[in-house]
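J.: Order-wise, the sequence lines are chains A and B.
With our numbering, the residue at position 157 of the first sequence is 157, and numbering never jumps.
With our numbering, the residue at position 3 of the second sequence is 3, and numbering never jumps.
Everything labelled a hint here was simulated from the structure, so no lab data went into it.
Treat the numbers as computed from the prediction; the structure is a model and nothing was measured.
Keep in mind that the hints are not guaranteed to be accurate.
Distance condition first, Cα-Cα at most 30 Å in a straight line; then the derived DSS-like pairs of lysine-lysine [said to hold, decoys possible]: (1) A:K334 to A:K258; (2) A:K274 to B:K103; (3) B:K97 to A:K371.
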Amino acid sequence: MADADLLYLPVRELAQRVKSRHVSSVKLTQTCLDRLDALGPKLNAVVTVMRESALAEARAADAEIAHGRHRGPLHGIPFGVKDLLATKGVPTTWGAEPYRNQVFDRDATVVRKLREAGAVLCAKLAMVELAGGMGYNHADASFTGPGLTPWNTSFWSGGSSSGPGAAVAAGLVPFAIGSETSGSIVTPSAYSGVTGLRPTYGLVSRHGAMALCWTLDKLGPMGRSADDCALVLAAIAGPDPDDPTTSGRSFAWTAALKPTKPLRVAVPKGCTEKVQPAVRENFDAALAKLGDAVKVTRDVEWPDLPWGPAVGAIVTAEGASAFLELIDSGDVTKLRCPACRTGAYSGLLLPAVDYVHAMRARRPMRAAMRKLYQSYDVVATPTRATVAYPIDREFSQAYPGISGGPAVIAAGNLTGLPALAMPNGFGENGLPTSIAFMGPPFSEAALCNLGALYQSRTEFHTQKPPSFAA
Amino acid sequence: MSHEAVPREHDRRAFLMLLATAFTAVPAVVHAQAPPATPPASPPATPASAAPAGPEHSTNEARLLTEVLRSRYPDRFDEKQWSSIAKDFDDDLAGSKRLRAMKLANGDEPDFTFRP
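Excised from the complex, chain B in its bound form (with noise of 0.2 Å):
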């Protein structure tokens, strides 16, 4: 017996917060196990304190994603890049949420096969 599934906006919400208090103290662990292996190509962005990323039309979930990311690459990117990114964010929470309008049975597996 299968049921339907329904998006849950309010989970998404509480990862969202989450990312939102846990990304300051990203930067200092990801920084030095990942950094950028070639210079920036563009001029070093603001640091992760600054303004949160984006224009002003992204939405509040999109700037958060994006400092996320910052955090993570903290001088890859100037302020119109990160802009870029936000919008980007913007775009694929767009996509998500008509994705997850789709309703899907509990039933339904994903359309590859693992063969052990």
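Isolated chain A (complex conformation) (with noise of 0.2 Å):
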């Protein structure tokens, strides 16, 4: 097996190797940093790789494991982290000039609790400026380039966790984190090709990572298939003094393939009807291929709130209060997407009253998605409605005629729902197309077995990019 290929390996298997000393961590390391010097910047995928310190981080997971102590599935297998999340003394920019060279003096609680579990953080990792707090219109818009999905590099790795969905995907590192205040978490990993695990609000901590808005900000792990999604989510999830919105809830994962009894899909109304065809044909094949695992109910009304909205206001209120003195010094001006100078302006006047409004239809929001799981497990979707944007247009120039469905994506992030995005298939230019699993609050491990059911049955998140490939 050429080295390139076993960052294409599941993390379990991974793990199985280096503890059993068939590969070591500093092989696995060595690997990680030669790809993401060669080709992270191929995928403008890539701030800042850590050679030196991932090394000894490797070197002391080999020791260990040498002498008898093996911590668990991470030990020793290299990741990399979207560039919001804090880590001593290198530099965290956020994917925006003006913070290019901001450095911090600790580590995020999510960086601490995989560093704990043995893995060997590799690199920091590209993103859309601010996460795209500001109103990006466009791939172009962070300082790092567009990220560049590796299946085509004529179109975007999604965003706005565009380096780990790029960085997953091409086989620069085996898992990566990202995170996601209304989309950056799937996208990306549909748009890659990868498996994209969003969390729970709450059960992961977001202490040292950047805050866009703090009501609706998560971190989750992005990976190539949901067994290494879950086994990342239960390093990292649980309680943090540091971040008072945690739950209070861990994540126990044991994979237990198939559900004892069909799990009840719904499948909302207008979700097939305004997406690309092969996006339709993907999903249709997708939930055929779960069989007997799951009875899948169709045209399932979607409440009608506004979801929109709301997501808007809270994150043009809440992102304007936390960057309020890069705007109002004008520093904003300097960030790469010209939308991106001038569209926080505007929530500087955006009514409290329509701030308070739309924290106050939250709650409404939460009951009615209460009522739709009272008769379902899940909710199916395909995860985007279109396959990767093309680099060289703005995203409403695209897909012209394409508007996709129901608002599912702001849906879940405004009543704080966890998501699984895979991918399930190929569309236009030979790029993936994507199914996401929606399920409950704190349903992980129903989503999580779900799609490694689906992964049991398919092939797609083995695939590689070809010219990414060893």
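Need the complex rebuilt from these two chains, each delivered in its own frame; the hints are there to steer you.
T.: Here is the structure:
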């Protein structure tokens, strides 16, 4: 097996090889670092490669394992993080020119937890500037340039976790940590052809992560498979006194492929009508693959609530507050995307009553979702209505006439629900398509089991982008 | 006992009228308190007394709100950028209208909890 092929193995298998010392963590890490250096720039996926510290961590992992101390399935496994997670002594740029030289004196809780699990941090990965909170309308919205999907580098890797998506897809790291305020894990997972897990709000500490929107921000894993994401989630979930929004819950993962009884799957009305043909075909084929493990109900009425305006008002208001100094000083005009230079200003005059109204709306919204989940276990949709956007035009010009369906991403984020996005085939221009499963709060185990079942019956998650394979 | 909230558009109009009449007095004060920390990234905008910013299709509300910002940051943007901001206001106002159309009862509290 070529060195690079190792990085496409499931984390569970990598862990076994490292534990049994068939492969050293140093070897794995060196392979990652070399690929991050060589291929990262071709995808605009990397901000900082952490060669020295990564090799030191890998040597320590190998030494511990040699002495019989194995910390678990992430011990010795390399990873990357979106560059909005603080790492002591290393630049944390938030993808934005004004913060290019920003250095923190502490690690984010998620980074600390992963290191405690023995994982090896290899790189800070690229992202849309300020996680897209200033209103970008084009892929070229980071000082590292537009994130490119390794399936076709004329197209975007998605945002705002563009680096994690591209880096995992291209086999630069086995897994990465992304963040989502409203769509920023599931979208790059879809456009890059990887598996991404947006956890329930409050399951994972955000301490040390850039704040865009306190009541919506979440951190989660992006990896090769549902099982990989669940293994990583088990390491990063849990209470944190430094983040008062953490729920107090942890996450234990035991794979149990087939559910004991068929899961009730709702397909919202209108979610496949205005999507690209391949997106629809691959979605239908994916549900068919699940066979008798699910009972699918189509055309389920989606609650008619102002999901988009509510998430818009909340992100606008909280984002403007989080970056008030940047906006007020004018430093925001140093951002890369022209729309981001002006996009935050209207937020300065957003009426407080609109923000409060949006926050009040979240309670009946949660009630509506609770009611939905009394009848169903999972909501299934295409993750995105199209394949990745081309990088040479504004998003609004990418696929005219494809309007998508109900605002499932906005609804899931407003109500804090977990979602799992997985590759389910290919569409236009050789680009991946994706299916998303969304469940009630803290249903990550059920979602990952369903995802693992699907991935046990398909091979889309094992595909390697031809130009980036070994 | 709770009552259904009803959007009160006339209040919003009154507020905007107040803004429209007030912004002419704002620039000297705001500009003196908060000058841009860095040079503007784009050519200086026209003075606040120039024609209202924003594309022709922007609503009057959006144009007025844009003028409030222009009075705060008179040299920060060029006309194309002010037009973009006016469009942002249009979008925000449309979203606000849809948001306020959602019926909420008086007792529906915001979804965050204050803990003393």
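J.: Now look at each hint and say whether the structure bears it out.
T.: Now the hints, each set against the structure:
no. : hint             : in the structure
1   : A:K334 to A:K258 : 51 Å, violated
2   : A:K274 to B:K103 : 29 Å, holds
3   : B:K97 to A:K371  : 26 Å, holds
Against the hints set out earlier in the document, a violation occurs for number 1 only.
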